[in-house]
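Student: Sequence:
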Amino acid sequence: MPQTIVFDLFGVIARTQSEAAQRRLEELAGVAGPAFWTAYWAGRPVYDAGQRSADYWAGVADRLGVRFDAATVDALIEVDLASWTEADERMVELVAELAGQGRSLGLLSNIIEDLVPVFEGRHGRWLSLFAARTYSCQIGVVKPDPRAYQICAEQLGVRPEDVLFFDDSEPNVVGARASGMTAEVFVSPDQVRERLGLAGDPRT
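Following numbering that gives the first Met the number 0, the numbering of the sequence shown begins with 0 at its first residue and continues without gaps.
To be clear, the hints were calculated from the coordinates, so they are not data collected in a lab.
Treat the hints loosely; a few may be bogus.
[Unchecked claim] Pair by pair, the computed Cβ-Cβ distance ranges are: (1) VAL65 <-> ASP161: 46 to 56 Å; (2) GLY32 <-> GLY123: 28 to 38 Å; (3) ARG121 <-> GLU96: 17 to 27 Å; (4) GLN100 <-> ARG176: 18 to 28 Å; (5) GLN154 <-> ARG66: 35 to 45 Å; (6) ARG124 <-> ALA57: 30 to 40 Å; (7) THR15 <-> ALA177: 23 to 33 Å; (8) ASP54 <-> GLU193: 39 to 49 Å; (9) PRO170 <-> GLU193: 16 to 26 Å; (10) GLU96 <-> ASP68: 45 to 55 Å; (11) SER17 <-> GLN137: 24 to 34 Å.
Note that beta-carbon positions come from the ideal geometry of N, C-alpha and C, so glycine has one too.
Take these sequences, add in the hints, and give me the full structure.
Tutor: So this is what it looks like as structure tokens:
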């Protein structure tokens, strides 16, 4: 049974954006629907690798063919950061359970630099259970770049072959497998429990 378990953060332990947050971003940008989100996601890999927030939003504006004034950029940054700070309590409880069993836990997340202190400030208690937190903005590469998985394993002091990795993105799982990790597309806490041979969640 694997002793080193690495989780992606967003879409696995942390929740993805709510519809309300998405609508608020569209309102601030003055552009709604697919056009906004195509521009939003197109620049995200560079943003996750360490780009400044102001430069990212300037790029979004360029792709949309609009201009954001300084106040709008500040508001977009604030709403965007807040939209990525909620956690799934069932997964938080599972992380605590695994840590209590003596499992070595790691995080491997594509995350923007400004979000790290916000997220860690809110969730420092359970984040402290991870032996290593590998953030794309701090290592300069994003999943599924092979270097991301190698750096994560090195920070945990293990080989990629010793890691079981869960991510909600299939390309990231494929990248993890190519690096030597055992990896699965995350579906639910119950899936993780079953994979690790744990008893089911008593609340389900």
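Student: Of the numbered hints stated previously, which ones are contradicted by the structure, given in increasing order?
Tutor: none
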